[in-house]
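Trainee: Residue numbers (my numbering), protein chains in the order written: chain A, 4 to 693; chain B, 22 to 317.
Keep in mind the hints are simulated off the structure, nothing from the lab. Misleading hints may appear alongside valid ones.
To be verified - Just a few of them, taken from the derived set where beta-carbon distance is under 8 Å, the chain B residues facing chain A: (1) Asp210; (2) Glu242; (3) Thr244; (4) Phe253; (5) Glu254; (6) Asp255; (7) Ile256; (8) Leu261; (9) Val278.
As the list claims (entries may be wrong) - Over 10 Å on every C-beta distance to chain B, these chain A residues come out as not near it, computed from the model: (10) Pro29; (11) Ser37; (12) Ala83; (13) Asn359; (14) Glu584; (15) Glu595; (16) Val650; (17) Leu687.
Every residue gets a Cβ at the ideal spot worked out from N, C-alpha and C, and that includes glycine.
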Amino acid sequence: MALAAGVIPLVIHLLNRRQQKRLRFPAVRFVLISQRRVARTYNLRNWLLLAVRTLAVLLLALLLAHPLWETGVGLAARGAPLTAVLIVDNSLSMQVRQDGNPFDEAKEAAGRILEALDDGDRAAVIATNPLASVAPGLKSPEEAALKDLGPLAVTAGTADLTGALRTAYRLLRGAGGQKALWVVTDLGVSGWDRLSLPAVGEYDPTVPVKIVTVGPAETPPSATVKTLESRTADVAPGLDLELAATVVNFTAGEIPGVTARLTIDEKVRDEKQVTLPPGAESTIGFRFKLERPGSHSGYVSLHGDGFSGNRRHYFTLHTRDRLNLLLVDGDPQRALVASETFFLSRALNPSGDLANSVLLPEVILAGALGQVNPEGYQVVTLANVPDLPEAFVARLAAFVEGGGGLLLSLGDRVNAAEYNRLLWRGPVPLLPGPLGERRRVPLDQNVGVDEVDTGHPALAAFGDKRLLDSLRAAKVSTYFEATPTGGRVLMHLGNGQPLLVEKEVGKGRVLLFTTSADSAWNNLPLKAGYVPLMQSLVTYMAGGSRGTVDTGITAGTAKRWSTAASHAGTQLRVVDPRRSEKAVTLTAVGGEASGAFNGNHFAGIYRVVPPSADVDVAGLYAVNPPVLESRLKRMGAEELERKLGPVSHEVMAAGALSAGGSRTDLALALVVLLMATLLFEGWLGQRNYE
Amino acid sequence: MATTEQSYFDPAVLARLSNLHLKARWVVEGVMAGLHRSRAKGFSVEFEQHREYAPGDEIRRIDWKALGKLDRYFIKEYEDESNLKTHLLLDVSGSMDYASGALTKFQYGCILVASLAYLILRQQDAAGLTTFSDRIDAQLPPKATRGYMVELLQRLEAETTRGDTDVGKVLLEVAGGIRRRGLVVLVSDLLDDAESVLQGLRLFRFKGNDVLVFHVMDETELTLPFSGNTRFEDIEDPGLRVTADPKAIQAEYRRVVTNHIDTLRSGCHQYAIDYQLVSTATPLDQALVSYLSWRK
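Please build the complete structure, drawing on both the sequences and the hints.
Mentor: Right under this line is the structure:
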């Protein structure tokens, strides 16, 4: 734009030529002779004058552009103080190469740049993945090397070049004199591909960006663990557990002789030898057992030579104790299959192998209720039980209020009036509402399961359409009417009557199933959805999870917690893998106490310490690098050109820094040249009029 | 006093006087008042008779031989002393119609010719008038009568500028028509080829005439003091035009004009022709003084 100003003198010249006066004059012959004589010299001088004026405008434009004269790679500054901002790439790709350590090279290169600066210069070191311990700001070069560059460490995240450039330009904006912007990076595609110049905001295209590349230019063979998941439904001590790790090979060549190892609680649990096929994913299964309940941490690691990439994938295991379930059969039959609890007990433990099931159902007859203490169980199920001893009802109420679960299924032996007296109008109303009349669906009517609240945690599994369709295919022939005055209906029949109703009692929960648990009043037990329905209901009543394998969050993202609103204001302590500790204060948001931790820069296991045991948060979580950080491909020149667009940039290898050199501010020289040009213009202009 | 005298002959002051006769008288009387009487007298060549000396006669005109023989003072009188024929040639071509100040060159020339005629006739010499452009436009033969002044002035007042300049051709033509020696006074801007002009003037000299040239130019013609891109259009030839930056060509223009004037001046000098360059900004007395110098 400024250079276009060079045409201004030409435009003025042409305009002047058009603005001429007319004069009637007697001695035109003398004018003509004079004109002819001076024409050549005058024209030459005129063009020279135009050229000089154009030069003056161009020099002015150049002066405004703040040009520099550079020798070598322009490390040192001459002519005016320099403000240098160094962006150092500390993404994971800088440290997962087997053929070198780009991050060490980067720190050395940044150190060399800072060393070349003079005492009067200012410098700042910015990390692409900022660490809380480093506060970027302009300092003396020595201080920047000591305070900013020294403690810089590689993080497990992807380079945020957009954010780093935004910070860099903000720092440079307020600086005077010469400005320099260096980026020391491996040019890894995962980070540079995310760069968005418009998102940087206000940038200065006149400050050239010097990109110093570190690490080998070649793309090495690389692989990493992409995902990790449990192959078993339950995660509990004593069970045979299986984890499946998906390993991706990013390169076109096969990677042989890779050892994949599973480590839990610092003990190697399983190990596999694999060959990773080119450009593909492979699944590696690990089998193991946990000895104790609670939270565990571990990782799957890859070992072997000849390939790069992130070698460890962290996870946490959260187990719970196996659930003791009491099933009270109110309608036992000689033929086992006809008994009230036959289908239910098998749904809760389909294999019948108690050693490898987290759900441990125990069936008793209704007549034994008088001697049963529910406290030894997590969930009690009353299936078509005709008589409820009042003493048992009192123990049951205490059990539920203390956090236990009660599942009531009905049948032909249930006396609704007695149930209402004991469980609805008793001292602790356990029923979500009074039971009404028993209703038999006429043969010509077809009533099945209609609405299912899949947003409820107990029924979340029925978000799967196939399972939901299986439930909806079931038909109900008989049911009790219920008025859920104190509960929430989770499932409805096709005629609008409640089928499953929940009520919270103290710390525990009660679920009322308005039809039978066996196939006497419905054909639900014959449907595929019956097993997950019953397992989900008892698991929910027992407190939720059946144990999980959690691969946690991606490095650089926030970890969030939500708990009861009463915990607002308390602090969680988060200890990162480097044993650095930070506090997170829970604040009241939308009826909950929430908090977030943004310092998940390093891969590994983070420990969360709540202020008291009643703050229900997981004690461990894992942080893993983005998978693409292991794809060690360097961004090409054309793609880089597209990314940086109008910003002038220069790419050089770190080795080029040894060329040193200096950058000289040409402002003074240009001012002198401009003054000389203007003086010459004045003299030439005067000559033209003499 | 000096200021008053200057104002007296200032062309700007004269321009405000409407009557040409008045202008001529104004100039001549003013000039004569500033000169010694004896300086206004001329010479002649043909001896006619003696007369007795009277007070006021010039001492140098006393015939000393007669004094030696007769012991009385006698003054020599000459035949042509009171019978000089003056031809006033006034250029009325288009180029004379130009003024940057109060008077055009034509108006200035008219006043100058009228003043000369008045002065000549006042001295009882004969004055004639020829106006010309590229040809002779009007011609009044020289006469010495007082009443002739009116006729000359009427002629002058009736004149307007017209046509092109061709001084050389006209001079040749006028010279061919003069039978008796006399004085030729040329008033022109001489915007013509200098050699051609000089050739015409030389012919007058060959025929025994005295020649007095008043080269009238406007001040701007001499200096070209304009600025800014200008399209110059010739007054006589509208087809002749040139666009130039006056500031850029000013120095060269002055050289060209000076060269033209120098050519004319040296050519005149070579043939004993009195040459006088007058700017229209020049007070008229200076021009008349140069005439009187010639008379002396």
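Trainee: What are the numbers of the hints that this structure violates, sorted from low to high?
Mentor: 3, 10 and 11
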